[in-house]
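Engineer: Under my numbering, the sequence shown has 163 at position 163, and the numbering climbs by one with no breaks.
What the hints contain is simulated information worked out from the structure, not anything from laboratory work.
Errors might be hidden in some of the hints.
To be verified - Pair by pair, the computed Cβ-Cβ distance ranges are:
1. PHE9 <-> GLN413: 39 to 47 Å
2. ASP81 <-> ARG8: 35 to 43 Å
3. ALA171 <-> LYS385: 27 to 35 Å
Please read these numbers as outputs of a predicted model, since none were measured by experiment.
Glycine included, C-beta positions come from ideal geometry on N, C-alpha and C.
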Amino acid sequence: MELIHATRFEHWESIRTEGLKGEPFISFTAVDHKSVKGCIAGVVAADLLIYVDVQKALQDGIQFSPSSNPQTIVCESNALDVKYFAKVVNIRSGVILWTSKGDEEIHTLTATELRKMKLYSDARIRYTLNTAVSIAYTCGNSLKASDFGFVDQLHYLGYECMDDFFGRYAASLQKMENARAIDIGTGMGGPARYMQEQYGMQVTAIEYLHELVKICRIMNSLLQIPEERFNIIEGDFSHMDVDYMQLEGQFQCLTAQLTFLHISDKEDLFKRCAQVLTDGGYFMIEDYFLADDTELCPEDQQRLKDDVSVPTGVPVTEKRLRALLEDNGLVVEEFEDMTDRWSVFIWERCESFMADRQKLEAEHGVEYIQELGHFYTAVASVFHKLQCDSRIERYPNVCQAVGWSPALETKDQNLRGCRIMGRKKSTFANGAANGVHNGIH
């Protein structure tokens, strides 16, 4: 049983500094642990839920009494200090705004900081919307999710990792009826729509940026994807209350492509990943990492921070990444170094874009070219090591943009990319849970 007080955003600042106040008393809703979200959201017009640390309050002599309404509990004091708050949750997004440790310790990249990435600029968003509508008009009734691939697929090597994961590593999911997948940092939704269409997954997608959520929903509408097959939640997974959002233990697989590089607290992040997976559930992560016993040079660290929204201290080494995953019951079975292949893709993408810039500028405007060109160039400069001859002849535009010279061949490529696949450790001795067989032990 939980004691919860529902309130509005506009009251939070005063509550945070002065505590909860009521005349003559403060009322709380008593709800069953598993029905919190539906019960509160369905009967109270509120923005925030304040959870009470009842045990701590009782130990300090604060009394709670039932009322004439069996679901309402009242505090016999007319004030309740914030030290008795267990957590405060945003009803809509499920994001935890405050814990008993205090809100000053809860920090992530803000939406404004993430939007500084030129990949998510207003010009890019306009381009995506206009192009998506044009594609839908041209394809008509034959429109498929993959038709949007070159505008809503922002990851390296296209859908390859989706096919590698669902078609090979976790192929048994296709035999399950209504296997549920959660995609963290879904962006415009390209890979999530692909796994739904191509592999029959029932998808829950989490995206932090409001603008990308809107685009994702528009594209889903154009494809007429029913919400029960693709549900998108706007919120920050790294601070989301997965229990309140009813996500705990609900998914047979989890995917995250180039999302976790924006998140500093990997330990807490991977704990949440484990929480949402069923025992034996599969996971696939594409991320940046560092070669063991190395560090980024200050120049690359600053470029990643400024242009790719990678916080200082991220990424971590392969050894540390493996340990953090496995400490949270996420057993790594495959760890593939993708650096060489990603580097070629990144340079070819940038060269192709810059070679076509006059045509693209005429079609989409100067702002689009400048912003996306800046982003592509920044990424090419940090993934600089290529296994190829005649780089200047093959990539003349990129070489000029990043100031490359043969002397830079000696610079270490400490920033690397990986594709990780594994499973959540099963708590059952027989290795089967929630319809997923051959669990890890």
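Engineer: Give a verdict on every hint.
Structural biologist: Cross-check of the supplied hints:
1. PHE9 <-> GLN413: 39 to 47 Å: At 46 Å between Cβs, range holds.
2. ASP81 <-> ARG8: 35 to 43 Å: 20 Å, violated
3. ALA171 <-> LYS385: 27 to 35 Å: Since ALA171 and LYS385 have Cβ atoms about 33 Å apart, the given range 27 to 35 Å holds.
The structure shown violates just one earlier hint, number 2.
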